[in-house]
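Colleague: Going line by line, the protein sequences match chains A and B. First residue of the first sequence: 1, per this note's numbering; consecutive thereafter. First residue of the second sequence: 436, per this note's numbering; consecutive thereafter.
Honestly, I wouldn't trust all of these hints.
Said to hold, decoys possible - Lysine-lysine pairs mimicking DSS-like chemistry, simulated, CA-CA at most 25 Å apart:
id, chain 1, residue 1, chain 2, residue 2
1, A, LYS314, A, LYS113
2, B, LYS725, A, LYS421
3, A, LYS313, B, LYS693
4, A, LYS97, B, LYS725
Hints in this document: simulated from the structure, not taken from any laboratory.
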Amino acid sequence: MKFKLIAAAAAAGLLASAAQAQTEIQWWHSMTGANNTGVNELAAKFNASQSEYKVVPVFKGSYPESMTAAIAAFRAGNPPHILQVFEVGTATMMSAKGAIVPVAKVMADAKEKFNPKEYLPTVTGYYSDPKGNLLSYPFNSSTVVFYVNKDAFKKAGLDPEKAPKTWKEFVAAAEKLKASGQECVYTTGWPAWMHIENFSAWHNVPIGTKQNGMAGLDTEFRINSPLHVRHVAMLADMAKKGLFTYSGRRNEGEARFASGECAMMTSSTGAQGTIRRTAKFDWSVNFIPYHDDVKGAPQNSIIGGASLWVMAKKPAKDYRGVAKFFSFLSSPEIQMYWHTFTGYVPITTAAYELTKKSGFYDKNPGAELAVKQLTNKPPTANSKGLRFGNYVQGREVIEEEMEAVFAGKKDAKTAMNDAVKRGNDILRKFEAANK
Amino acid sequence: MEKRVVFRSAWLPYALVAPQIAITIVFFFWPAVQAGWYSFQLQDAFGERTQFVGLANFAALFNDSNYLHSFRITAVFSLLVAGSGIAISLLLAAMADRVVRGALAYRALLIWPYAVAPAVAGVLWLFLFAPSIGIVTFALRSLGIHWDWVLQGDQAMLLVVIAATWKQISYNFLFFLAGLQSIPRSLIEAAAIDGAGPGRRFWTIVFPLLSPTAFFLLVVNVVYAFFDTFGVIDATTQGGPAGATQILVYKVYYDGVKAADLGGSSAQSVILMAIVIALTVVQFRYIERKVQY
Chain A
1 MKFKLIAAAA AAGLLASAAQ AQTEIQWWHS MTGANNTGVN ELAAKFNASQ SEYKVVPVFK
61 GSYPESMTAA IAAFRAGNPP HILQVFEVGT ATMMSAKGAI VPVAKVMADA KEKFNPKEYL
121 PTVTGYYSDP KGNLLSYPFN SSTVVFYVNK DAFKKAGLDP EKAPKTWKEF VAAAEKLKAS
181 GQECVYTTGW PAWMHIENFS AWHNVPIGTK QNGMAGLDTE FRINSPLHVR HVAMLADMAK
241 KGLFTYSGRR NEGEARFASG ECAMMTSSTG AQGTIRRTAK FDWSVNFIPY HDDVKGAPQN
301 SIIGGASLWV MAKKPAKDYR GVAKFFSFLS SPEIQMYWHT FTGYVPITTA AYELTKKSGF
361 YDKNPGAELA VKQLTNKPPT ANSKGLRFGN YVQGREVIEE EMEAVFAGKK DAKTAMNDAV
421 KRGNDILRKF EAANK
Chain B
436 MEKRVVFRSA WLPYALVAPQ IAITIVFFFW PAVQAGWYSF QLQDAFGERT QFVGLANFAA
496 LFNDSNYLHS FRITAVFSLL VAGSGIAISL LLAAMADRVV RGALAYRALL IWPYAVAPAV
556 AGVLWLFLFA PSIGIVTFAL RSLGIHWDWV LQGDQAMLLV VIAATWKQIS YNFLFFLAGL
616 QSIPRSLIEA AAIDGAGPGR RFWTIVFPLL SPTAFFLLVV NVVYAFFDTF GVIDATTQGG
676 PAGATQILVY KVYYDGVKAA DLGGSSAQSV ILMAIVIALT VVQFRYIERK VQY
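Use the sequences and the hints to build the structure in full.
Modeller: If you want it as structure tokens, here you go:
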């Protein structure tokens, strides 16, 4: 009798543990605010859709912080399954061959259906190896767009429906805005991302050799070209005349545009949420301006944001769960949810079409504009993205040099030459460390 | 007569100091040795490939004009933070010492900022001085001063110095106040009877008697300015604009923690350690001679 009881209890225990045998997939991310809600929602939806795996999203601080945490966890032998890494960390992740598993391999091993052709080329190109194999999953991608305060344009006697298309028109409009008493005419978020990286892609000129670093670690910066120098000099001249107000290296400028202080801004598509909530004026989202004497411009803009990397050293069966989760994330409905909820661009053509059909873009034209700008032309070697070793430091160098120009401490040519020299030192060190 | 207390037990004194020694080894010596070891290596972020590169990390640093520039930045920053921190808190302590009514409230208020974390202090000042929304910016603008530390390096330096100093004043204040209160009243009264004014009394009696405290605070403040201020910098200028507030310890933090360049960051921390050791030795050998205990 007693024996039977024990056997029954043991059987019950076995059953219970079978029910708990869900495999947990750890997902470290850096999403805050509404985007954090979105991440939790995605995980909840996936967990409800099947019972075998459970995705557990964990907020690990800012992008550099979560990456540092993951590096420490990997060194200690216990990394998460999925790690969200910002775009500038791409080269570091991809060189860590023993620390990551390429997404293409994860999908193939799990026999999950996966066709790279269904994805937007500008998005997947950024995160693929030269052979076209997807290395990380493009999760949240944004790009830089041009915001205009239509009310300020009206006040300055400019046509609010006609945003400047070229930098020439832009400067002319800026002068009129200034004359109308606008205190801050133009500002920008993410100066290096906008005025060097996207600027180069938009004009189809290289940021660096070896396809912007995508084809090899022995890449060198090329951002001291006459076009780059001319553009930075133009910005410095605008700063001197009070037409351009520098706000900082991150998205500090966005609050200045949203409050109406600045009449024009270039910044991430991700700024739209804030502007929509706070702006008490009419505004529009436009293509970023280009220099019309450059042949082939405008080309296409490049993405920013982050992608999901699959970390190595996990049990084989866990990777099947990761693959299933990525398939789930790629479905048009989920993509549309993420795209419309956060403002990040959809990564598959199907999701884009679905959102179009839903009528979302009629109400939010700015959301579609980003996709149009990213796919303006088929990407070239100069415009499919960039991959520079330790670009966390590299981008900082570029920003430092640009600041020196805007403050009037250096001329544009010297500064860009210095940026190239200092940037190349970082690239050589990275190359040596990752041989 | 022998005044020293002597332990009769052979092991007890060692047992009593053992916890402190253990903590020092685990949290100070061990990381320091590790930093020294890493500074000779070139490693990728995940530590998969490690090469011994000798002094290459150091050579790279000294070839970098920006790194050399940050020595100057650090010297200016530390001098300003330690100097103004000590001067202001001495003034405040001398004042608070004379307050008769509500002295406790004054003291409590002056000690408060010490409870604030460096990052929080940074953010606080960041908002006050923010180029577009800051209250102080607004006031300065109405005075006709163009305040824009996002681009003006000197203004950025001023901002981080204010934020870093403000945080340290309370600590200094506490020590100065204690020092002041331990000075016998009779000495000051005697001087007053002899006709010495408040200024003279301060410089000839109070200040010399405070010199051990002042010396101690000098050492502590220099160490603070060198090591503990990266939180303030990170929350405000992040070393910008154009490296104008890139002090040595911030670069150590940035390169090591944010950019995952372990070798370069370790080499910098070894250099920083050498500087602070040298400074402390100098302070003890030359300045301490002037101190009257």
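Colleague: Output the numbers, in ascending order, of every earlier hint that fails for this structure.
Modeller: The structure conflicts with hints 2, 4, although it agrees with all the remaining ones.
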